[in-house]
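Chemist: We have chain S; now place chains C, H and U onto it with these hints.
4 protein chains.
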Amino acid sequence: MSKIDDVMKDLVIANRILAREDVVDAYGHVSIRHPDKPNHFFLARSLAPELVEFEDIVEFGMDGQPVRDEKRALYLERCIHAAIYEARPDIHSVVHAHAEDILPFGIAQATPLRPVIHSGSFIGANVPVWDIADKFGDTNLLVTNMDQGRDLAKCMANNNVALMRGHGFASAGRSLIEVVRMSVYLPRNARALLHAKQLGGEIKYLRQGEIDARNRGYSPYSTETWRAWEFWATKAGCAHMLTKPDHGHEHKKS
Amino acid sequence: MSKIDDVMKDLVIANRILAREDVVDAYGHVSIRHPDKPNHFFLARSLAPELVEFEDIVEFGMDGQPVRDEKRALYLERCIHAAIYEARPDIHSVVHAHAEDILPFGIAQATPLRPVIHSGSFIGANVPVWDIADKFGDTNLLVTNMDQGRDLAKCMANNNVALMRGHGFASAGRSLIEVVRMSVYLPRNARALLHAKQLGGEIKYLRQGEIDARNRGYSPYSTETWRAWEFWATKAGCAHMLTKPDHGHEHKKS
Amino acid sequence: MSKIDDVMKDLVIANRILAREDVVDAYGHVSIRHPDKPNHFFLARSLAPELVEFEDIVEFGMDGQPVRDEKRALYLERCIHAAIYEARPDIHSVVHAHAEDILPFGIAQATPLRPVIHSGSFIGANVPVWDIADKFGDTNLLVTNMDQGRDLAKCMANNNVALMRGHGFASAGRSLIEVVRMSVYLPRNARALLHAKQLGGEIKYLRQGEIDARNRGYSPYSTETWRAWEFWATKAGCAHMLTKPDHGHEHKKS
Amino acid sequence: MSKIDDVMKDLVIANRILAREDVVDAYGHVSIRHPDKPNHFFLARSLAPELVEFEDIVEFGMDGQPVRDEKRALYLERCIHAAIYEARPDIHSVVHAHAEDILPFGIAQATPLRPVIHSGSFIGANVPVWDIADKFGDTNLLVTNMDQGRDLAKCMANNNVALMRGHGFASAGRSLIEVVRMSVYLPRNARALLHAKQLGGEIKYLRQGEIDARNRGYSPYSTETWRAWEFWATKAGCAHMLTKPDHGHEHKKS
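Protein chains in written order, with the numbering used here: chain S, 1 to 254; chain C, 1 to 254; chain H, 1 to 254; chain U, 1 to 254.
Chain S extracted, bound-state conformation (with noise of 0.2 Å):
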């Protein structure tokens, strides 16, 4: 019980980041699944991620519904988290978000989105496109069903990120931790990039070794790592609520 309520804690925390590195403003969204069920996740009520609270967490099954009878509205889009589960059982936690300096990597289609930084690495070398119209037509671009989730889960396939054409991007990670640094390099790499292209000449990306070697020593309590969580909650006014890896062994990656 006290294991879940650390997780549940640390998704909040994970809310007020996102919230407050400009990755989510009204909309956007991040959950984490269930550490004892992986059938299930956690996700907020529909509610802007800095307003987040321990008692706005809502558990979900792997049909993108509630798993417990529940009267608040919900977010449109939790299919999105629903279907990575459902196709990934290596993740344990996703973002969804609307970044503003990833979206021209999703509307311009000459220049793959590709890791630049050191700290993008965790993007991974292929960052594929999604473009709901290509399965579905004419929608409101919003993933509201299993269905367009699923298709959304395929072209993800076995990246860590995928930019959703004229919407945003949803990425995925081995622990909570990780997508949400993830979540906060995309737009920098993003931007870097951006740049480089604009000074022109031959852009050098990581290289597929740089990248491999940094996902190798990856570790969600690294000191590294760690530093950074605690820096970012400490800035979203939320550093009480950490749960620190060294009084306990629960959240230690899966």
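By construction, these hints were calculated from the structure, which means they are not laboratory data.
Careful: at least some of the hints might be erroneous.
Copies of the same chain look alike in the list, so a pair counts if it works inside one copy or between any two.
The calculated lysine to aspartate or glutamate pairs, modelled on EDC-like cross-linking and capped at a C-alpha distance of 20 Å, are [as the list claims (entries may be wrong)]:
| hint | residue 1 | residue 2 |
| --- | --- | --- |
| 1 | 235 | 50 |
| 2 | 197 | 100 |
| 3 | 197 | 101 |
| 4 | 135 | 151 |
| 5 | 204 | 100 |
| 6 | 235 | 22 |
| 7 | 235 | 21 |
| 8 | 204 | 138 |
| 9 | 235 | 53 |
| 10 | 204 | 134 |
| 11 | 204 | 131 |
| 12 | 135 | 212 |
| 13 | 244 | 56 |
| 14 | 71 | 224 |
| 15 | 197 | 131 |
| 16 | 9 | 50 |
| 17 | 244 | 5 |
Just so we're clear, the structure is a prediction, and the values are computed from it rather than from any experiment.
Modeler: Then chains C, H and U, alone, in the frame of chain S:
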């Protein structure tokens, strides 16, 4: 009477949100049509929107003149509002502002501003550029009489937004919440398009069917729309002024 | 005496506004001509503008030297002010700053900075670029003596702004409120032009007749101008220092 | 002893300034050489710079190892500092950071980063780009041992700044105040150059004679330099920690 008070409170909130979201600064204004007297509208006296209070709201007629004796200074450009209400019975709320990132699209002639992100869909497929010089020659660029306001409204026609060359934009909505939202996303859509152009290659604009689909689903008091309104009001420090739609039906979109 | 106090208080407000609006940072300064002694002007001692208080204002002569015994450190570049007041009896206030977004226009030679937005009209149709190296060769780029100040004033001629290559700008106004406003809108106009250039195609600059029309209508205590001054002073935390023009006529534009 | 306390306090201020001015975020660090033991230097333990306190400062030797028993986690990349102090006896302070706007110049190969604004002169005429892959192949891009640190120092040679491809920069100064100032202006100079390139035409870089003239005039406790240091410390909330140079001569540039 209480209904009118709520309308005026909502207008104060709209002023503060537009200021907090960088759509207006010292200049720019937002109005709402009188819910019972369609030939009247409410607009603040001459004041920076961030500073507008309940007492600063003034009632105007279709000639752009206050309907009651008014000694306080008024916005020079209130004819923008009067002329759009006159021409467009479907419109219940109007914004005029100088948001910086839309300005280039009124200055450069090569790239029309069109929706490229789903949250930008409400600006509509066509955003005409009105050049005051075309009909009025050398002016101070301000819309200071009904002739000029009507010419702008004519250029806007049945669209939701008109850019004003070297000056700013006017936007028109079916409700206050809609026009505020549209005005917040207008510069974001402009930035996404500017940066997509810089990346090069073909631009994927929203399809007409997508714009229509989003338009059909829009309601100012839907969960999704209210979420942003509530969040923005909270950021702007006026959450306490919010009138929740479930406390009554006065504000239902007419 | 009270009149001079008001002038000095206005100068403190101007310092704080320019800091709050990102025109100055640790560097940059603003001065006002003495209302009774046209050969004197007021300027702060060497201090970041955001930190300037009433007691920090110093009175200078046309040689750029303080008129009273002064032990505190002074701005190195106060000759910019002295030389412009000397050359331009019509000018009552001067700003020198390094606002980042005007710098590219002094560095790149292809695109002259010209007004493209109505609020940028006061910079005037022609913004010359002064290169200190043209006459003085290799310097530290600072204007540290009257010779250099006079050369800058000569380049500015009857214009309102001169860019200083690789350094910043000097702007000159008929009143303190005018020069502050012009200096706030100068970088905004620069950004609008930079982005318009990126969109491509023909640029619609303000027409000479438009610049003239706006100039004719300008008054530092008009409703519109005062609205911005009051708003900016409020944002900068010094609304309490405002001297409202209707409380007396001392500040009327001379 | 009190002198060392002052040095450590200055280092805390430097951490806070670099955070406040957006040069560092969760990552990045600044060090200062021990004033009496040139083979030692001070650097914080592993912590986001904004959170660094007096107690977090650790003393290191030229091997990048703490000189006293230390149980707290340390920055992985402290060899950057050790290697530069080893190679450059003239250097008394080092910064390593990832400031976003310098990244494009390490990624794109066409435009070398060079000073274009007077406040950028201290980066020097030549800013080499170090690519860790050239000698070390596929790494996680971090400088984690003395071999890598020395290779970076060798690339930096007698320059003041080296960009690190896909990662950030290292800067080296004759004093703490100099290196902080240089690191604050480095991204500003980068933005000015990026935007000047976008305007097109010939770029006027600072001339070698200008760089030299500014360099000759530089002193960390000159009125002008201290003005920025004091202002930045005030903005960063640590004005109370300032040690004014006129309260003693301990900090005079050595």
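Chemist: Decide, hint by hint, whether the structure agrees.
Modeler: How the hints compare with the structure:
Proximity of residue 235 to residue 50 under the C-alpha cut-off of 20 Å is found in both arrangements, the shortest distances being 12 Å within a copy and 10 Å between copies. Taking CA atoms no more than 20 Å apart as the test, residue 197 paired with residue 100 passes in both settings, with 18 Å inside one copy and 15 Å between copies. Taking the shortest alpha-carbon separations for residue 197 and residue 101, both the intra-copy value of 14 Å and the inter-copy value of 13 Å come in at or below 20 Å. In this assembly of identical chains, the alpha carbons of residue 135 and residue 151 lie at most 20 Å apart only when taken from the same copy (8 Å versus 43 Å across copies).
Taking CA atoms no more than 20 Å apart as the test, residue 204 paired with residue 100 passes between copies only; the shortest distance there is 16 Å, against 24 Å inside one copy. Taking the closest pair of Cα atoms, residue 235 and residue 22 come within 20 Å of each other both inside a single copy (12 Å) and across two copies (14 Å). For the homomeric pair residue 235 and residue 21, the shortest alpha-carbon distances inside one copy (9 Å) and between copies (15 Å) are both at most 20 Å. With identical chains, the CA atoms of residue 204 and residue 138 are at most 20 Å apart between copies only, with a shortest distance of 13 Å across copies and 37 Å within one.
Taking CA atoms no more than 20 Å apart as the test, residue 235 paired with residue 53 passes in both settings, with 17 Å inside one copy and 16 Å between copies. For the identical chains of this complex, residue 204 and residue 134 are inter-copy neighbours only, at 12 Å across copies versus 31 Å inside a copy, given an alpha-carbon limit of 20 Å. Proximity of residue 204 and residue 131 under a CA criterion of 20 Å is satisfied inter-copy only: 10 Å between copies versus 27 Å inside one chain copy. For the identical chains of this complex, residue 135 and residue 212 are inter-copy neighbours only, at 18 Å across copies versus 33 Å inside a copy, given an alpha-carbon limit of 20 Å.
Taking CA atoms no more than 20 Å apart as the test, residue 244 paired with residue 56 passes between copies only; the shortest distance there is 19 Å, against 23 Å inside one copy. Proximity of residue 71 and residue 224 under a CA criterion of 20 Å is satisfied inter-copy only: 16 Å between copies versus 41 Å inside one chain copy. In this assembly of identical chains, residue 197 and residue 131 lie within 20 Å of each other by CA distance solely across copies; the values are 19 Å between and 24 Å within a copy. Taking CA atoms no more than 20 Å apart as the test, residue 9 paired with residue 50 passes inside one copy only; the shortest distance there is 14 Å, against 24 Å between copies.
For the homomeric pair residue 244 and residue 5, the shortest alpha-carbon distance inside one copy (14 Å) is at most 20 Å, but the shortest distance between copies (31 Å) is not.
In this structure, none of the earlier numbered hints is contradicted; all agree with it.
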